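Colleague: Next come the chains, spelled out residue by residue.
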Amino acid sequence: MALRRTPPGLDGPAPLARALREAQYIADEGLATAAFLALALGKPLLLEGAPGVGKTEAAKALASVLGRELVRLQCYEGIDAAAALYEWNFPRQMLAIRQAGEGYVNLYADEYLIARPLLQALEAPRDRVLLIDEIDRADHEFEAFLLEFLSDFTISIPERGTVRASEPPVVILTSNRTRELHEALRRRCVYHWIGYPDPALEAEIVMMRASSVARDTAARVVAAVNGLRAEPLAKPPGVAETVEWAEAATLLNAQGVPWPRAFARAIGVALKDQDDLQWVAPRLEALLGGAAA
Amino acid sequence: MTPAALAPFLAFPQALRGAGFPAAPEQTQDFLAAVGLLGPRGIADIRRAAHALFGPGPDRQGEFDAVFDAVFLGRSLMAPAEGAPEDLPQARDAEGFQEMPEAEEEDPSGGEATAAERLFARALAAGDEAGALLAFARALPRSLPKRRSRRMRPGKGRLADPRRAFREMIRRDGEITRLPARRRRLRERRVLLLVDVSGSMKAGTDGALRLAHALVQGGERVEVFTLGTRLTRVTRALRHRDRAAALSHAAGLVADWDGGTRLGEALAVFLSVPRFAAFARGALAIVVSDGLERGGPEALTAAMGRLRGLAWSVLWLSPLAADPAYRPETGAMRAILPLLDRLGDGSTPPAIAREILGFAKGARA
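Residue numbers (this note's numbering), protein chains in the order written: chain P, 21 to 313; chain G, 152 to 516.
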């Protein structure tokens with residue numbers, strides 16, 4: 021088992037949570053533990069959760085804590101090796117052949133290789149954190165391919181040979197869980213399910229992300245959002261929406277709109293679906309009333 | 152750690168496997184290492200390490216914790232931890248969600264497919280339903296609607312293929328004589344079949360499931376759900392090649408045969424589970440139902456509106472529509488009529504098969 025030495029100052033979940041907080045990300049104990057274990061065991065970290073609970077933000081914060089550059093691979097259906105690994109710069113290669121004439125030219129030199137995220141991460145595992153975003157959007161072939169990549173951390177380029185990482189890079193995968201991932205992939209990862217934060221924590225997140233928002237406003241918005249999440253909505257508001265709603269309402273209030281109205285006017289920031297808005301409209305006052313109490 | 156203290160850590164993965172969680176040896180190893188890394192300062196640390204390394208999904212966390220408590224705290228296993236998955240509440244995916252393996256197959260040649268369709272028509276005329284369903288399954292790969300994929304394949308097209316162009320150049324000392332082209336592959340669209348199994352559909356549900364079996368066998372990516380008072384996913388059961396075995400397995404999963412009809416609510420449940428709703432996106436959605444709704448028409452209309460927004464096309468097949476003089480009378484049917492791409496005959500399996508083949512063809516033209 022490859023036990024990796026964790027960076028100085030991060031030798032436990034608690035110090036890691038503190039460091040993440042300095043990077044403007046509030047992690048609960050479960051997430052801090054999972055992230056610490058992923059770093060210490062040298063395994064990829066798999067984060068699942070509803071859209072908007074801060075999975076990608078967690079990856080960004082972790083990269084900034086480690087002082088590394090974040091390389092992001094956004095998945096989509098039909099993603100293939102050319103988009104994930106590497107691609108040759110064909111136009112430049114063709115030009116090179118033309119220019120070389122009778123002479124010799126190495127067409128597979130570095131200057132003709134376009135490194136895509138997976139290769140970038142392998143080339144400098146100490147300087148980069150690899151984020152494989154929304155893996156559930158990719159199809160099964162790509163997932164199976166990732167399996168191989170995540171266990172060996174090698175990429176073979178037929179024209180050049182095999183590229184091997186000097187140490188396993190830090191890898192974070194996120195999934196919205198629109199479909200179940202393969203057991204084999206989950207097994208290779210340290211897993212954490214990010215749920216909606218509890219109200220106190222969410223209020224803290226709101227105030228950290230939007231400095232203009234008052235404590236009282238944050239508490240009200242969080243209460244109202246939790247009410248909204250209990251309604252049968254097509255797209256319940258995530259943490260990002262909470263922050264934006266609080267910011268928008270604060271802005272309107274500064275323009276002279278009185279309090280409960282400011283929330284109601286800014287609802288479009290939290291709910292972005294016409295059906296949801298219609299459903300909520302008659303209940304909004306009660307929800308906000310509960311928030312004011 | 153003394154061996155005696157180690158015992159529960161080794162017993163835990165065993166217990167997990169017993170409860171139906173996958174637990175590989177390497178996970179056990181990492182779990183032990185993780186516990187060592189964390190201190191552990193208490194049982195909470197051990198629990199968090201277990202969560203991180205065995206990764207139960209959010210829907211099975213309760214069961215997982217029950218196993219954990221049983222092994223580490225000596226609490227007895229509660230009954231729900233071992234309850235059959237089918238007993239769980241509505242819209243529980245009793246089988247786990249796994250998409251079909253997705254080979255990017257090109258459609259077979261035109262001659263073969265039309266032959267399959269001819270066979271379908273002939274078996275139909277002979278009154279041979281089993282033969283007709285077999286021919287239907289064979290005709291599907293050619294007939295189901297297609298969409299463009301992100302992936303490319305060589306062939307005649309307007310897009311240049313730099314990779315092959317470059318290979319040719321090297322072969323010809325840097326000269327290029329013709330520019331190879333590539334085009335986007337075609338993929339079968341997903342097909343979502345929702346079968347009403349309520350009392351009013353009693354005569355047709357068996358037939359509809361036989362057809363669903365043929366559809367799952369012949370199509371590349373098909374999902375089948377039954378709707379009644381609740382929602383059940385039967386795709387996995389129907390994937391079994393043997394029809395009798397598949398149907399009896401599916402019948403066992405469905406708990407609300409011939410019950411009341413709450414179509415609107417069952418559809419709303421379907422749409423509120425993100426991974427089910429994601430399946431409807433861009434799919435050909437087919438509802439086999441008479442539309443006799445016990446709940447109010449509003450729920451059904453709202454749900455159909457959302458399905459319409461997600462799906463590529465919505466096809467409603469009603470046994471009542473077998474009668475050419477049929478006009479939708481109920482409030483619910485009239486309200487959803489504008490949301491449908493077609494209202495067709497859903498009385499018998501061959502009729503449904505003909506509708507699907509015919510619709511897919513028409514839409515392609």
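Just so you know, these hints were derived from the structure itself, not from any lab. All values derive from a computational prediction rather than experimental measurement. Fair warning: there could be bad hints in the mix.
As the list claims (entries may be wrong) - Label pairs and their in silico Cβ distance ranges: (1) G:P154 / P:R41: 38 to 44 Å; (2) G:L224 / P:A234: 41 to 47 Å; (3) P:E49 / G:R309: 24 to 30 Å; (4) P:E49 / G:Q165: 24 to 30 Å; (5) P:M228 / G:A162: 41 to 47 Å; (6) G:K297 / P:G288: 23 to 29 Å; (7) G:L488 / P:K255: 26 to 32 Å; (8) G:G225 / P:A301: 49 to 55 Å; (9) P:P252 / G:L310: 23 to 29 Å; (10) G:E449 / P:E224: 49 to 55 Å; (11) G:R318 / P:Y124: 40 to 46 Å; (12) G:G403 / P:P280: 52 to 58 Å.
A virtual CB, placed ideally from N, CA and C, is assigned to each residue, including glycine.
Colleague: For this structure, which hints from the list above don't hold up?
Modeller: 3, 6, 9, 10, 11
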